[in-house]
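Participant: Input sequences plus hints: build the corresponding full structure.
From first to last, the protein sequence lines stand for chains A and B. The first sequence begins at 5 in this note's numbering and counts up by one. The second sequence begins at 2 in this note's numbering and counts up by one.
Errors might be hidden in some of the hints.
[As the list claims (entries may be wrong)] In silico contact screen, one side only, chain A against chain B (beta carbon under 10 Å); selected entries:
| id | residue |
| --- | --- |
| 1 | G45 |
| 2 | A54 |
| 3 | I56 |
| 4 | K93 |
[Unchecked claim] Straight-line distance between alpha carbons at most 30 Å, and here's what the computed DSS-like set of lysine-lysine pairs gives:
| id | chain 1 | residue 1 | chain 2 | residue 2 |
| --- | --- | --- | --- | --- |
| 5 | A | K14 | B | K303 |
| 6 | B | K184 | B | K27 |
| 7 | B | K184 | A | K114 |
| 8 | B | K277 | A | K14 |
Since the hints were made in silico from the structure, they are not lab data. Predicted model, so just to flag it, every value in this text is computed and none were measured. Virtual Cβ for every residue (Gly too), placed ideally from N, Cα, C.
Here is what each chain is made of, one letter per residue.
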Amino acid sequence: MEKSSELTLKNRTGMQLSPRHARELLETVESAGAAIPLENGQALAAARGAYIAEADPLGTLPAPATLKGVLKSGAKMVAGLRPQVFIDKLAERAAFERGGTRLYEALLAKFAAEARASRNIAANTDLTEERLVRMRAEEAEHFALVSECIETLGADPTVETPSADVIGVASLGLLQVVSDPRTSLTQSLQALLAAELIDREGWELLITMADELGERDIVTRFREALRQEDEHLLSVRRWHVSLSLGASGAD
Amino acid sequence: MALSLFDGKGTPLERQRFTWRELVGKPISKLDDDAFTRVRIILMNGIEAEALRFGHNAARMSAELREPLAAVRRIEQHQQTMVNWLLGADHSPLETTIGYEQVAIEVTAALARTEPDPYVAQALRFAMLEDFDHLYRYSALMDRLTGMDPNNILQCYTDILPGRPTSAEHRAPHDDLARPWDKRTAAPLTKLHTMTITAGEQQTHDYYMNVGPMFADPIARQTYAEIASIEEQHVTQYESLLDPTQSLIEQWLLHEANEAYLYYGCAQQEPNPRIKAIWERMLDYELGHFRLACECMKRYEKRDPAELFPEQLPEPFPYESNRNFVREVLGRELELAKRGLDFVPRSDESRASIDYRAQLNSAGSPTDIVAAGYHWRPGTELNLRAVNL
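Facilitator: This is the structure in structure tokens:
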């Protein structure tokens with residue numbers, strides 16, 4: 005059984021294990037049902053609204069530096085989808101695939117430490133170091149693929165675009181989970197599952213956009229990436245379910 | 002048993018060594034360790050931060066102390082690392098903030114209860130009611146921003162209720178000053194208490210100034226801005242209790258004595274054996290620092306350090322819930338205010354403070370906004386079910 009699913013009397017966060025202090029604390033609590041949280045939060049909502057109305061954006065997209073870029077972006081501007089929106093989402097994917105590569109590296113360290121000791125992990129015959137190394141390599145290849153496409157379209161692959169910034173903020177917690185030595189492989193796989201779900205949706209959107217812009221070659225190459233991401237998602241989901249079920253039973 | 006500063010030699014400086022692996026050991030468990038273990042970690046981080054801050058300032062004012070201070074400071078910096086890195090990464094900045102306010106309430110209350118000087122005790126109780134309100138405001142922020150329950154950090158030891166409203170705590174600078182104790186007549190405990198609370202409040206201020214900008218939510222950013230401003234006031238109040246005529250070496254000695262005294266109390270009461278061993282090691286290190294400071298006093302001031310401290314220091318204060326004491330003080334002293342150096346009824350507050358506050362709050366107070374109508378309930382205010390324990 006995983007250490008974190010052991011039953012002990014040590015967890016001090018709940019109230020039932022400290023009855024005396026809890027009873028004293030409860031003297032401060034009014035009768036149930038009195039509070040109406042949404043109304044209570046109205047002042048907060050109004051103050052947030054005022055800031056939202058005045059806020060500047062996170063940042064902007066850079067104008068293409070090269071002539072090729074200018075021409076390309078000018079040519080495609082007439083269509084419904086603006087190429088810069090595509091560039092922004094491509095840069096988001098590049099950032100996420102880079103982060104994903106590092107996420108797999110953190111997972112590999114945990115796998116190496118836990119795999120030998122756990123029959124539960126061994127029961128998943130395709131959860132191997134080789135398989136994880138392969139998945140890591142595919143994430144890195146996807147990063148290279150997206151960067152190349154950004155360049156082909158005349159944009160700068162080293163730019164951090166607003167969407168790349170947003171996905172970085174959104175995924176901060178995922179890396180915190182996997183890189184913490186105290187989290188188990190199962191807990192880390194849950195974070196990875198979230199990453200793969202986000203990733204898959206990202207590729208779907210990119211393919212739709214590339215299709216819209218008539219970038220046939222990109223569509224073909226991205227479909228292959230999506231196929232690999234689908235495999236990642238299915239594997240991670242299966243491992244996570246299997247290890248979670250194992251953790252709730254005897255290991 | 003109380004600590005004697007002069008009996009043990011402590012660990013000699015040359016044997017006070019660390020490796021990176023030691024400095025960054027296993028953190029505590031946010032879930033399983035006692036809240037007072039976290040309270041001690043946060044407090045001692047603040048004490049070590051003050052050791053560094055003081056050491057640097059002293060070095061700028063004394064050529065002869067530069068070398069011994071540099072030697073001690075290097076160790077204290079590593080001690081601070083070892084202590085502060087005990088907080089696990091699953092503590093969000095807001096959860097750590099709740100921990101900081103628990104320190105501010107429970108440690109201040111413990112000091113106030115044992116403080117022999119009535120004026121210093123009043124100063125402690127005065128600011129304690131303000132920190133008590135900060136806990137309530139941050140709890141509302143945590144609940145309403147993240148849906149998390151602040152009591153998971155507090156572990157039922159500390160009430161989550163309004164104190165002196167944060168928006169009413171803003172005062173003109175001169176009204177935050179206090180009357181210093183006299184180094185010749187003040188009790189050793191008064192000196193130690195003042196050192197502890199000044200360090201604690203200063204680190205709280207610095208922590209809020211560092212993490213405040215990490216929040217995306219504008220009202221969270223404002224809340225940190227508003228409460229950090231009060232922490233600066235508290236530092237102003239507490240440090241002005243210190244006798245400014247103490248020599249640099251006298252102040253240094255007091256710092257080292259206080260660090261040893263506090264680590265002694267930590268070691269005495271720590272239930273986690275791994276953390277207890279760290280407190281014991283730190284105590285021995287501090288006794289080594291104290292010894293070096295004593296030598297400097299003898300060499301440069303030709304004074305006997307034993308004149309400054311009793312044979313045995315007083316018993317350490319207990320790390321425990323001060324709920325009943327805090328409730329009593331809330332009932333009695335909520336309406337107090339400051340006027341110059343004096344604690345006065347709110348009706349006698351200075352015009353300068355009233356005007357200062359009115360201007361600062363003229364576009365609204367975030368701590369009022371975030372906690373409007375807030376009642377903490379077990380499992381957050383979203384839990385409308387009755388709790389049966």
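Participant: Hint compliance check: list the failing hint numbers for this structure, sorted ascending.
Facilitator: As far as the earlier hints go, 4, 5, 6, 7 are violated by this structure, in ascending order.
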